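**Q** So the chains spell out like this:
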Amino acid sequence: MIAIEDVSKRYADGTVAVDRLSLQIPNHSITVLVGPSGCGKTTTLRMINRMIEPSSGTIRVDGEDIQRRPVNALRQSMGYVIQNAGLFQHRTIVDNIATVPRLLGWSKQRARARAAELMERVGLDPAMARRYPYQLSGGQQQRVGVARALAADPPVLLMDEPFSAVDPVVRRDLQKELLRIQGELGKAIVFVTHDMDEAITIGDRVAVLRTGGRLAQFATPDELLSAPADSFVEEFLGTDRGIRGLSFLSTRDLALDSSRVLPVGTDWQETAGRIGAQAPVLVTDADGKPLGWADLTAWHGDVTTLEPYGRSFVIGRDSLRVALDRAVLSPTGQAVAVDGRGKVLGLAGQDRIAAAIRAARQERAADSPDPVPEPKAAR
Amino acid sequence: MNGFFDIPSDLQSSYLGLISTHMQEALIPVLVGLLLALPIGLLCVRVDWIYPPVLWFTTVLYAIPSIAFFVVLIDYTGLSRTTVIIPLCLYSLVILVPAVVDGVRSVPEETNAAAAAMGIGPVRRYLQVQLPIAVPAIMAGLRVATASSISLVSVGALIGNQGALGNLLTTAMLYHRPLLAVNSVVTTAVLAILVDALLVLLRRVLTPWQPPTGRRAGRRTSSIPDAARAQGGVS
Numbered sequence: 000m001i002a003i004e005d006v007s008k009r010y011a012d013g014t015v016a017v018d019r020l021s022l023q024i025p026n027h028s029i030t031v032l033v034g035p036s037g038c039g040k041t042t043t044l045r046m047i048n049r050m051i052e053p054s055s056g057t058i059r060v061d062g063e064d065i066q067r068r069p070v071n072a073l074r075q076s077m078g079y080v081i082q083n084a085g086l087f088q089h090r091t092i093v094d095n096i097a098t099v100p101r102l103l104g105w106s107k108q109r110a111r112a113r114a115a116e117l118m119e120r121v122g123l124d125p126a127m128a129r130r131y132p133y134q135l136s137g138g139q140q141q142r143v144g145v146a147r148a149l150a151a152d153p154p155v156l157l158m159d160e161p162f163s164a165v166d167p168v169v170r171r172d173l174q175k176e177l178l179r180i181q182g183e184l185g186k187a188i189v190f191v192t193h194d195m196d197e198a199i200t201i202g203d204r205v206a207v208l209r210t211g212g213r214l215a216q217f218a219t220p221d222e223l224l225s226a227p228a229d230s231f232v233e234e235f236l237g238t239d240r241g242i243r244g245l246s247f248l249s250t251r252d253l254a255l256d257s258s259r260v261l262p263v264g265t266d267w268q269e270t271a272g273r274i275g276a277q278a279p280v281l282v283t284d285a286d287g288k289p290l291g292w293a294d295l296t297a298w299h300g301d302v303t304t305l306e307p308y309g310r311s312f313v314i315g316r317d318s319l320r321v322a323l324d325r326a327v328l329s330p331t332g333q334a335v336a337v338d339g340r341g342k343v344l345g346l347a348g349q350d351r352i353a354a355a356i357r358a359a360r361q362e363r364a365a366d367s368p369d370p371v372p373e374p375k376a377a378r
Numbered sequence: 000m001n002g003f004f005d006i007p008s009d010l011q012s013s014y015l016g017l018i019s020t021h022m023q024e025a026l027i028p029v030l031v032g033l034l035l036a037l038p039i040g041l042l043c044v045r046v047d048w049i050y051p052p053v054l055w056f057t058t059v060l061y062a063i064p065s066i067a068f069f070v071v072l073i074d075y076t077g078l079s080r081t082t083v084i085i086p087l088c089l090y091s092l093v094i095l096v097p098a099v100v101d102g103v104r105s106v107p108e109e110t111n112a113a114a115a116a117m118g119i120g121p122v123r124r125y126l127q128v129q130l131p132i133a134v135p136a137i138m139a140g141l142r143v144a145t146a147s148s149i150s151l152v153s154v155g156a157l158i159g160n161q162g163a164l165g166n167l168l169t170t171a172m173l174y175h176r177p178l179l180a181v182n183s184v185v186t187t188a189v190l191a192i193l194v195d196a197l198l199v200l201l202r203r204v205l206t207p208w209q210p211p212t213g214r215r216a217g218r219r220t221s222s223i224p225d226a227a228r229a230q231g232g233v234s
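Heads up: the sequence lines are chains A and B, in that order. For the first sequence, numbering that gives the first Met the number 0 begins at 0 and goes up steadily by one. For the second sequence, numbering that gives the first Met the number 0 begins at 0 and goes up steadily by one.
Hints in this document: simulated from the structure, not taken from any laboratory. From a predicted model like this one, the values you see are computed outputs, not experimental measurements. For each residue, glycine too, the CB sits at the ideal point set by N, CA and C. One thing to keep in mind: the hints can contain errors.
To be clear about the criterion: a stretch of chain A counts as covered by chain B if any three or more of its residues have a C-beta under 8 Å from a C-beta of chain B, and this derived list gives those stretches [said to hold, decoys possible]:
1. 67 to 74
2. 81 to 88
3. 98 to 112
4. 125 to 139
Chain A on its own, in the form it takes in the complex:
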């Protein structure tokens, strides 16, 4: 647990970078500091490992005031990942990762063995161990940066806009990897970004800071999207926070329509007579996997003439946002719901999804206003 208590940072010229900030950063979770440039998010992060000293206030890690600890020992107990990775260009990948263990006095062999283990953990090819940073892509360098920060198994990980300089595809990849690694290791991660999407994606809790270093809101991503504290937070969240908020609503209770699912080989004429020929039906194979859409007024049982069904969603695992997305993209306006093995469970049109959204909102309003967030990686 990192406790930031009434911390301010004022510079000699009168600039206030951080203004009486208090935050409780729990263990085993990712806390994101997000805000526009000049909101003091990086300053706050750097005060945690004393790269910047606060003007007033106290920061405690597991109850101990960090001012009481020798600065280099404190820093060695906290992993630090930086934009552009900041690798040591004159050292091989394996020696970059082994840096902190070596500082802590590990033998060269043990440090390198540990580095090899971490390369695997962050998804790097072991063949890269002997390469130099210039031989790696930006995304690979950033993975090395994460591995280096984790090398001495520090309980705390500080990340300063680590993924801002890589392209969006690689960034999403790195975000997923971070969540996976966090699921395995359960560190106290403090993550700074200016990108609200990134904050929502990876944060268990998000602290929104405004210019001048004041806290605007500290909440789970879900709460942030459904109940922004003020117009600043709302504006910072962007125009589609309603849609994005659906990411946090489960499809578990979505009422599906299974009457229009037709296994191949069943009597389609009988079906047409039963449910009416007007509405399209989804034809599945013998195992219940979807094949495509059929218009019963024109279809004569030939599976090669089916209209493609696009993509399906997994009930209970995917969110209502995914379900709505599938429905919008579906040629029939119906999203195909499948189970974990890909077997069709039923269909959900936009009307059914809308009903599920309303129900989830009502249920949520009835719940306690401050639900304990589940660790992100478990989702």
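Go by the hints and put chain B onto chain A.
**A** Structure of chain B alone, referenced to chain A:
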């Protein structure tokens, strides 16, 4: 006895002996200059405002002709090699201090931040992170300092034949043997070129981490596996 490589006996040295003396008088100052430049560089990097006055001072030193140094130094060190070596040390310093400081300052900000954040103290950071990354800049400075030192040694001929190969120039005039002057100039030039080539080789050995020049694109081609991984998604 008047061949190209025959040295008049009053120089009390063979051709190879002259080369050996020349190299000592040229390289010792560069080494001493480097050893002095490293701590001075650290000071200049750590304490920002020191660098401009240091630079000013060393540049003024460079403007003083070596003869002026000799006149002052002869009172203390006599007509010896030391009298030649001391000004050359100072001249090396003028080139090497900026090379070290600029090299260390060119270390990317995020590399310094990462090193500090990992708990690497300032002196250790200087020795283990900043100086190694500054090696290409320092080597560039060393090449200039060495070439300049090799050519400047000849001035030592003015104070009692302490100019090694430079002594051949005065002797050439004395004995009307112009070939000795040619010998002096050619040998000095060849030495400078050879030592420079060695320094280039040394830099290559010391910096296997540098991208091969003119092929920075290597970085792009190696990004393909990562992009492919991203396409394939994460398990």
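**Q** Checking C-beta pairs, does the region 81 to 88 of chain A have three or more residues closer than 8 Å to chain B?
**A** holds (count 8)
**Q** Taking beta carbons only, do three or more residues of the region 125 to 139 of chain A come closer than 8 Å to chain B?
**A** holds (count 9)
**Q** Can you take a look at whether the region 98 to 112 of chain A is actually covered by chain B? Rule is 3+ residues, C-beta closer than 8 Å.
**A** Our answer is that it holds, as 3 residues pass the Cβ test (under 8 Å) against chain B, meeting three.
**Q** For the region 67 to 74 of chain A, do three or more residues have a beta carbon lying closer than 8 Å to a beta carbon of chain B?
**A** holds (count 5)
Checked against the numbered hints given earlier, this structure breaks none of them.
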